[in-house]
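Sequences and hints are given; from them, build the entire structure.
From first to last, the protein sequence lines are chains S and A.
Quick note on numbering: the first sequence equals residues 34 to 276 in the numbering used here.
Quick note on numbering: the second sequence equals residues 4 to 264 in the numbering used here.
Everything labelled a hint here was simulated from the structure, so no lab data went into it.
One or more of the hints may lead you astray.
From the derived model, a few chain S residues whose C-beta atoms are all more than 10 Å from chain A [said to hold, decoys possible]: (1) 109; (2) 135; (3) 161; (4) 262; (5) 269.
Below 27 Å or equal to it, Euclidean Cα-Cα: the simulated BS3-like pairs (lysine-lysine) are [said to hold, decoys possible]: (6) 14/A to 159/S; (7) 20/A to 159/S; (8) 90/A to 159/S.
Yeah, the Cβ is synthetic: ideal placement off N, Cα and C, and Gly gets one too.
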Amino acid sequence: MEDKIALEVKDLRIRYKCLNTFSIRKSLFTLKKADEIVFEAVRGVSFTVPKGEILGIVGKNGSGKSTMLRAVAGIFSPDEGFIDLHGNSVSLLSIGVGFQRELTGRENIVLSGMLLGFSEELVRSKMDEIISFANLGEFIDMPVRTYSSGMHSKLAFSITAILEADIMLIDEVLSVGDAKFKKKSYNKMKELISDNERTVLIVSHATETLEELCTSVLWLHDGEIRMMGRPSEVLPVYENFMS
Amino acid sequence: MLNRFISDMKKYFSYAKYSAKSDLKSEVASSYLNWLWWILDPLLFMLVYTFIAVIIFRSKTQYFPIFVFVGLTLWNFFNKNVQGSVKMVRQNSSIVSKVYIPKYILILQKMLENGFKMMISFLLVFIMMVLYRVPVTWNVLYLIPIFIVLVMLTFGLSCIVLHFGVFVDDLHNVMIVVLRLMFYMSGIFYSIGNRLQDPYKSIMIYGNPMSLLIESTRNCLIYSSLPYRIGLAGWGVVSLILCMIGIKLIYSYENSYVKVM
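Structure, rendered in structure tokens:
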């Protein structure tokens, strides 16, 4: 598995600037300019992920896990350092991207899929698979606004799970819907993940899940790498630290 | 930058189109009378302005209802897009914070939507032209360059407004005032050509792209005369530059938009 690198992250730094919207009213009436508070969420993280690897990312809240994931997904660019995807397609498994409340589930599948960068034909060819996986019955032809929140997330999960990318980024979505769907989605996730061609990054707090699924684990602490290695090495130390 | 723009357009244009289509569809779905409003809205405003201009100000402009309708149609397209861009990123935060799309695609989607409504309005213009027996000449073909300039101008300005709208909280209020001023300056319910003398006439027409476009459209559509060709070419160049500035702004800063919200 060491042969090909799917993802390379080097010296990644991401900063958030607080207080950086201003209004014309405020700048007219306050003479002193407010100081900019810069918060660095990710501070110089470098790692590589070989192709087919499943990397779990753990860390306490606010340690920069989601920020890093979003940077890898290309939602924002790093302030310093670089992320090399080696030409792989990447998708962040996220709930309900661009759903239109008035449209039916079927139309939203196309809309959502196209937003994720897939062509209309491809989405349509996978349509049946998505619909049967989401298992919404006749609701699939009803407007999304009539959906319960569970149905909403079931549909969203199915879309991203079935329209697969080379690198999948998963941010705490392992628990969706009712018990039955949860099991199904967990199994689907396992199936997706166990595909040797696919590289997966999972952010989760559920250490048992990570232990079962991952081939390696990255522990982020305050925006820096605290530890990286096999799940059996990292997770016990992490759990010890957290308790 | 141009290469990136072209490849992004190839990748995301179909999304913009599909999303515009479904937006229109959902507008109709929420109430079956909604599509009627696409027609009624400009029609009723035409009646309002016709009433004010003909009854109160005793305007003698020929084909006045069509005259107003043309002005309103073009203005609505421009106004809705530019005004809508101010809060575009904020309104689409659910998309913007979850996937990457070039942010001008959001503008493009709205432009397709508003463009469709504009076409419906223009259909009404043609129907009214038949009713009023307006003579039509080959000058109508000038509508093509006029539309190209209108689209580029709207797109360029919208991109710039979208960018600043993310960082400046009350740009919305400023834009309302600016656009209202521009509305009154664009000669939508009065004819700049007939009402004003030089040099004000030239300044008003050549200095304001919307009045130039509106007057040009009226000239070649209902008055069988030529548009302001030099002005059109000039604003065409300016619009192209605005588009380039807008796209460049968005490309350089769009990744930080998410962090601001």
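Here is how each hint holds up against the structure:
Interface exclusion of residue 109/S from chain A breaks down, the closest Cβ pair being 4 Å apart, not more than 10 Å. For residue 135/S, the requirement that its beta carbon stay farther than 10 Å from each beta carbon of chain A is not met, with the minimum near 3 Å. Every CB of chain A is more than 10 Å from the CB of residue 161/S (nearest about 19 Å), matching its label as outside the interface. The claim that residue 262/S lies off the interface holds: its Cβ sits roughly 30 Å from the closest Cβ of chain A, which is beyond the 10 Å cut-off.
Residue-level check passed: residue 269/S sits 33 Å from the nearest beta carbon of chain A, beyond 10 Å. Simply put, residue 14/A and residue 159/S have alpha-carbon atoms about 19 Å apart, close enough for the 27 Å limit, and the pair holds. Taking the CA atoms of residue 20/A and residue 159/S, the gap is about 20 Å. The hint holds against a cut of 27 Å. Proximity of residue 90/A to residue 159/S is assessed by CA-CA distance (about 34 Å); at most 27 Å being required, the pair is judged violated.
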